[in-house]
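Asks: Listed below are the residues making up each chain.
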Amino acid sequence: MSHAESTKYHRRRALLSQVFAVVCLAATALCVLVLVILIWEILWNGIPWLNAKFLTSFPSRFPEKAGIAPALASSVWLIVLTALISVPIGVGAAVYLEEYAPASRWRNIVQLNIANLAGVPSIVYGILGLGLFVRALALERSILAGALTLTLVVLPIVILAAQESLRAVPDSIRGASYALGATRWQTVWYQVLPAATPGIMTGVILAISRALGEAAPLVAMGAAAFISFVPVSPTDQFSALPVAIYDWASRPQPEFHHVAAAAIVVLLTVLILLNVTAVYVRYRYGQRIRL
Amino acid sequence: MSSAEALPQGRLTIEGKAVRPRKWLEQAIGIALFGCALVSILTTVGIVVVLVVEAAQFFQEVSVIEFLTGTKWSPKLGNQFGILPLLCGTLLVTGGAAVIALPIGLLSAIYLSEYASHSVREVLKPILEVLAGIPSVVFGYLAIVTVSPMIRSVFPSAGVFNAASASVVVGFMVLPMVISLSEDVLRSVPRSLREAAYALGATKLDVTVKVVVPAAISGIVAAFLLALSRAIGETMAVALAAGNTPKITLNPLESVQTMTAYIVQVSQGDTPAGTLEYRTIFAVGLALFVTTMILNILAQWFVSRVREKYE
Chain Y
1 MSHAESTKYH RRRALLSQVF AVVCLAATAL CVLVLVILIW EILWNGIPWL NAKFLTSFPS
61 RFPEKAGIAP ALASSVWLIV LTALISVPIG VGAAVYLEEY APASRWRNIV QLNIANLAGV
121 PSIVYGILGL GLFVRALALE RSILAGALTL TLVVLPIVIL AAQESLRAVP DSIRGASYAL
181 GATRWQTVWY QVLPAATPGI MTGVILAISR ALGEAAPLVA MGAAAFISFV PVSPTDQFSA
241 LPVAIYDWAS RPQPEFHHVA AAAIVVLLTV LILLNVTAVY VRYRYGQRIR L
Chain B
1 MSSAEALPQG RLTIEGKAVR PRKWLEQAIG IALFGCALVS ILTTVGIVVV LVVEAAQFFQ
61 EVSVIEFLTG TKWSPKLGNQ FGILPLLCGT LLVTGGAAVI ALPIGLLSAI YLSEYASHSV
121 REVLKPILEV LAGIPSVVFG YLAIVTVSPM IRSVFPSAGV FNAASASVVV GFMVLPMVIS
181 LSEDVLRSVP RSLREAAYAL GATKLDVTVK VVVPAAISGI VAAFLLALSR AIGETMAVAL
241 AAGNTPKITL NPLESVQTMT AYIVQVSQGD TPAGTLEYRT IFAVGLALFV TTMILNILAQ
301 WFVSRVREKY E
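Residue numbers (my numbering), protein chains in the order written: chain Y, 1 to 291; chain B, 1 to 311.
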């Protein structure tokens, strides 16, 4: 290879390398662009339809009268109950796996099982909810049955997040507690759990966000697209914000698409508030233990 | 010894309150925590039992062979229960989503891991988390209102509901997952490998494509498999965008029906429990569960290969 050829060759390789860098950057920029388009489309279609009446009205055949009061109330019921059921069970399971269970075949099986459950499509949980809670336990299509189904959907998320936070608590804290004569539970309750709480809270909030946005399991277990009352007890029939959005979006009339967009704005606002809380918790309480 | 005697024996105080260890309480708590962990096992057992019991009743009336090889799916009219059209719809949408998510996802992961500065990454990662947290039904809305009209303006032959618009939104839904999982494995490739390649005169492109990506390939494959599994199980966006026409076609501009969309369709109509149509939910659900489970287990196997290599 002559000197000129060699220079050309190196220059071409350097250029190729730069082109590749630009391609990679473009791919990443595309992801950001998609998010911007998504939010812009929804705000543009949804904001004009959004007002106080929309939040307090009941569903209607007429798009201009349609509101989300029952769906919003149902969603609040669902996520509160889901959190109340899934947090103790999820954190309990995580404490068992991290602090109690000896390294054994059984522990590996439980761990593998949780990883697999995290990958099960949410609609399969809906089918389980239909067969188990709605039919076998005869809870009918109640808020409780819906919350139990959503609990199963988010439980793997809660467990995995709680495990990670427990693992991040330094062993020296446990050792110090045991050295003072504390029992295992006293160590967990007074030392390990308080130290892990910010991480667990973040995971719980993410799990609740997931539960709030899930429509598939609720539709599969037979949640109503619309109800004409605001549910007041866990045994009441229910709807949910994402289920109502699904119904409105599936209608042919473009007016209903605007209603769907307005409901999405409400849903995303609640989701963003939850996520901001998660970030706040992570920063405010996240750095208390530094060893 | 004397100093030890001076300490209050068997009394632990935390913030001034005396806490006395009780053996029965310790044991009860241990059992309760075990019970919490058992819930996860029981969930799996529950899924398998519910799906298999109802599907078994379905298969008493419809042979497994007919179910797996039949080319027509019309449970209401004509009693035809061949799952191939639903499977074809699922694969068409998933395939399209993969065409979008896998290359863009891998390139973005390479950018974040190999090129982006720390501050750029700090900005981009939360943005991707937001994208990952957007509910499926919102993407479905976007498919109908934005993506489908765009596709129809380019290909006038496309229907209002088409597999392509579902593919596009599902692709972007699973994209954050591909990026974050792939980025993790790319970053876990030891720095020494990169430096050795640079020392040999390699460009950044050579290092990335010929050293880093091959070293991380098991983890990247795992990320791809998990993304495919997610796409196969994706429901609301697909139910809204792809339509409800079960058919065997490879044309992404046509309306199809996926396994998940079929389950939604039957659930919405008030199908009485115990009928054959009601049981199709469980048979199709079982097929869906088995498909995604196989992909997830395969992915875990690939992940364990990465661990063996670098840990």
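Calculated from the structure, these hints are not laboratory results. From the three backbone atoms N, C-alpha and C, an ideal C-beta is built for every residue, glycine too. Watch out, some of these pointers could steer you wrong.
[Stated by the list, open to error] Lysine-lysine pairs mimicking DSSO-like chemistry, simulated, CA-CA at most 27 Å apart:
{"hint": "1", "chain 1": "B", "residue 1": "Lys210", "chain 2": "B", "residue 2": "Lys125"}
{"hint": "2", "chain 1": "B", "residue 1": "Lys76", "chain 2": "B", "residue 2": "Lys247"}
{"hint": "3", "chain 1": "Y", "residue 1": "Lys8", "chain 2": "B", "residue 2": "Lys204"}
{"hint": "4", "chain 1": "B", "residue 1": "Lys247", "chain 2": "Y", "residue 2": "Lys8"}
{"hint": "5", "chain 1": "Y", "residue 1": "Lys53", "chain 2": "Y", "residue 2": "Lys65"}
{"hint": "6", "chain 1": "B", "residue 1": "Lys72", "chain 2": "B", "residue 2": "Lys204"}
[Unchecked claim] Estimated spans, in silico, between C-beta atoms of each pair:
{"hint": "7", "chain 1": "Y", "residue 1": "Arg61", "chain 2": "B", "residue 2": "Asn244", "range": "21 to 27 Å"}
{"hint": "8", "chain 1": "Y", "residue 1": "Arg251", "chain 2": "B", "residue 2": "Ala28", "range": "50 to 56 Å"}
{"hint": "9", "chain 1": "B", "residue 1": "Val209", "chain 2": "Y", "residue 2": "Glu255", "range": "47 to 53 Å"}
{"hint": "10", "chain 1": "B", "residue 1": "Asp184", "chain 2": "Y", "residue 2": "Phe229", "range": "15 to 21 Å"}
{"hint": "11", "chain 1": "Y", "residue 1": "Trp44", "chain 2": "B", "residue 2": "Asp270", "range": "19 to 25 Å"}
{"hint": "12", "chain 1": "Y", "residue 1": "Arg251", "chain 2": "B", "residue 2": "Ser117", "range": "29 to 35 Å"}
{"hint": "13", "chain 1": "B", "residue 1": "Asp184", "chain 2": "Y", "residue 2": "Ala29", "range": "17 to 23 Å"}
{"hint": "14", "chain 1": "B", "residue 1": "Ser192", "chain 2": "Y", "residue 2": "Val32", "range": "31 to 37 Å"}
{"hint": "15", "chain 1": "B", "residue 1": "Lys76", "chain 2": "Y", "residue 2": "Arg251", "range": "49 to 55 Å"}
Asks: For each hint, tell me whether it holds in the structure or not.
Replies: These are the hints, each one checked on the structure:
1. B:Lys210 to B:Lys125: Distance ~26 Å between B:Lys210 and B:Lys125 Cα, so the pair holds.
2. B:Lys76 to B:Lys247: 15 Å, holds
3. Y:Lys8 to B:Lys204: 18 Å, holds
4. B:Lys247 to Y:Lys8: 55 Å, violated
5. Y:Lys53 to Y:Lys65: 9 Å, holds
6. B:Lys72 to B:Lys204: The hint is violated at about 52 Å.
7. Y:Arg61 to B:Asn244: 21 to 27 Å: Holds: the Cβ-Cβ distance is about 22 Å, inside 21 to 27 Å.
8. Y:Arg251 to B:Ala28: 50 to 56 Å: 54 Å, holds
9. B:Val209 to Y:Glu255: 47 to 53 Å: 51 Å, holds
10. B:Asp184 to Y:Phe229: 15 to 21 Å: 47 Å, violated
11. Y:Trp44 to B:Asp270: 19 to 25 Å: 36 Å, violated
12. Y:Arg251 to B:Ser117: 29 to 35 Å: Hint violated: Cβ distance 47 Å, outside 29 to 35 Å.
13. B:Asp184 to Y:Ala29: 17 to 23 Å: Since B:Asp184 and Y:Ala29 have Cβ atoms about 21 Å apart, the given range 17 to 23 Å holds.
14. B:Ser192 to Y:Val32: 31 to 37 Å: 33 Å, holds
15. B:Lys76 to Y:Arg251: 49 to 55 Å: Hint violated: Cβ distance 22 Å, outside 49 to 55 Å.
Hint compliance for this structure: hints 4, 6, 10, 11, 12 and 15 are not met, and every other hint is.
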